[in-house]
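S.K.: Note that the protein sequences, when read in sequence, are chains A and B.
Going by this note's numbering, the first residue of the first sequence is number 1, and it counts up by one from there.
Going by this note's numbering, the first residue of the second sequence is number 1, and it counts up by one from there.
Read the hints as simulated data drawn from the structure, not as lab findings.
Predicted model only: the values in this text are computed from it and were never measured.
Heads up, none of these hints are tricks.
For lysine to any residue, the following SDA-like pairs were computed, each having C-alpha atoms within a straight-line distance of at most 20 angstroms:
#	chain 1	residue 1	chain 2	residue 2
1	A	Lys228	B	Pro294
2	A	Lys79	B	Tyr152
3	B	Lys79	A	Tyr152
4	A	Lys79	B	Pro149
5	B	Lys228	A	Glu229
6	A	Lys153	B	Asp35
7	B	Lys153	A	Ser40
8	B	Lys79	A	Pro149
9	A	Lys191	B	Ser208
10	A	Lys303	A	Leu44
11	B	Lys153	A	Asp35
12	A	Lys228	B	Gly227
13	B	Lys153	A	Asp42
14	A	Lys153	B	Ser208
Interface residues of chain A toward chain B, partial, derived using beta-carbon atoms under 7 angstroms:
#	residue
15	Tyr152
16	Phe176
17	Ile178
18	Gly216
19	Ser217
20	Met225
We treat Cβ as the ideally placed atom computed from N, Cα and C, and that holds for glycine.
Number of protein chains: 2
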Amino acid sequence: MAEPQYTHVPRYLTGDKAGLHEFLDKFDVFLFDCDGVLWSGDHLFPGTVETLEFLRKNGKQVVFVTNNSTKSRADYCKKLESLGIPSTVEEIFSSSYSSSIYISRILQLPENKRKVFVIGETGIEQELRSENVPFIGGTDPAYRRDITPEDYKRVAAGDESLLDPEVGVVLVGLDFHINYLKQALAFHYVKRGAVFLATNIDSTLPNSGTLFPGAGSMSAPLIMMLGKEPTSLGKPSQAMMDAIEGKFHFDRSRACMVGDRANTDIRFGLDGKLGGTLGVLTGVSSKEDFVSGPVRPHAYLDKLADLLESDS
Amino acid sequence: MAEPQYTHVPRYLTGDKAGLHEFLDKFDVFLFDCDGVLWSGDHLFPGTVETLEFLRKNGKQVVFVTNNSTKSRADYCKKLESLGIPSTVEEIFSSSYSSSIYISRILQLPENKRKVFVIGETGIEQELRSENVPFIGGTDPAYRRDITPEDYKRVAAGDESLLDPEVGVVLVGLDFHINYLKQALAFHYVKRGAVFLATNIDSTLPNSGTLFPGAGSMSAPLIMMLGKEPTSLGKPSQAMMDAIEGKFHFDRSRACMVGDRANTDIRFGLDGKLGGTLGVLTGVSSKEDFVSGPVRPHAYLDKLADLLESDS
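In isolation and in its complexed conformation, chain A is listed as follows:
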């Protein structure tokens, strides 16, 4: 199947008061990517709080959609609140939650293959627990160690104390404690038949105004070793959009996706046939990406707070 073409001419709305009014009137729901749009790392962008308040005041529903799997919805809610952004857990949709729902409600796993081997942090673990999905790996200190000569033999022999026979899924998210042992075990679980899932496939993660390895960098070695791609449960995978729609029951033609990455956020909205997509230049993609790249938003702004200009 050919990739869809998204090469329309995006409208530049910063400073265009009439254009902003017209754009905002088209939508009832705004799906927000967070990192790179509302903040970067721990730095809240000026005007974020006011912009969200302005949208809510005008009757718009706000949903925070994040590929960051290291946090649970509850963690994210706390993060939003610590930055002064009022929110509820119900407004938050993370790739860790999306993955947990997919495993518990969509995957049909045999009774004796229901365990998940996790590469990732506590956010994934919390959301798996909230769906009663058993798991191993993750933040367990037992996996935060060097591989030993004995491990090679145990893996080769299929030692059940190292390779749990009940593991039927490998879920790979961003793991700040990634190591050789975890990669080796994940590889062997998938080779033995486990379903290969990724919370998301962003190669990088914005922090402090620059980029660091993202969840996609955790799957990359496995993809190379296995010669196969994981099913991704984060943007731009439509599995995530379906889950959001299932929960919020919105009219896609009256919804707008706001994001900083053309190939994840904007593609997510375009593939999902949302009424609108809005790019902001405070994250990964550049003006050139939005204006002449292969995936272009309907409109773009220098920064999210430029939406407030419609209110002046």
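Fit chain B to the known structure of chain A by using the hints.
M.R.: Chain B alone, transformed into the frame defined by chain A:
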């Protein structure tokens, strides 16, 4: 440029005494891949010592060519000796050595950009030292730690105590202590202009009769993040073949590459226009790979020791 086609019909020589005689008579030099051919992990295959002795007795030159960058030539020599295989450092050609030669003798680095940031083990460090190439990273315990919130800011600010301004090369080999911090630093060095090199790009490493992550799995996240491939100094890169020829001055038409991997060992010999390539079925590639894959050896054996049948 189109990939060359290597789809001739390989000759199966196990049990074919006349065929073996004919094959052996064509060559003066045998280049041996080691892991998967002579041994697997720490398990020496039966008949390896006798086969090498038989070849030497018949006037053949033997060269051990290995992509395993974790060991230096001296380490490899010790490994061969501990397994009862007599050898000299001069007979050994490792990807760590090949990389060091490439950096010291071929790359033209500016005076203030001569340092190498190493992802890898002691083998690389030893070979860099033997060529007087300054380096950081590698086995230095300072890099075997978790990333901290402070590190993100230091990287973003280009803090010279974390991102050494003299680094002009990132060399990625197999690192059993790979972690998030090393990946983040390697990414930033290349983004700042460092030459991106890999000792080799094997996705997996045979051990104990099964597979574990290889050096290619260390480059995979960087390739994904950077959107560019490293220059590889291991098989099947012809940079390695040129270095071997420069050292041993052999007639390529009278040389045969012996290996277990079609896409590295056998391709290495075929791309290098050696007179022969010989596959063995004791490692990664299967009979099907050799007989009907895209890269096929001139001949293949069940196991290396089957060469001895020509002596009976």
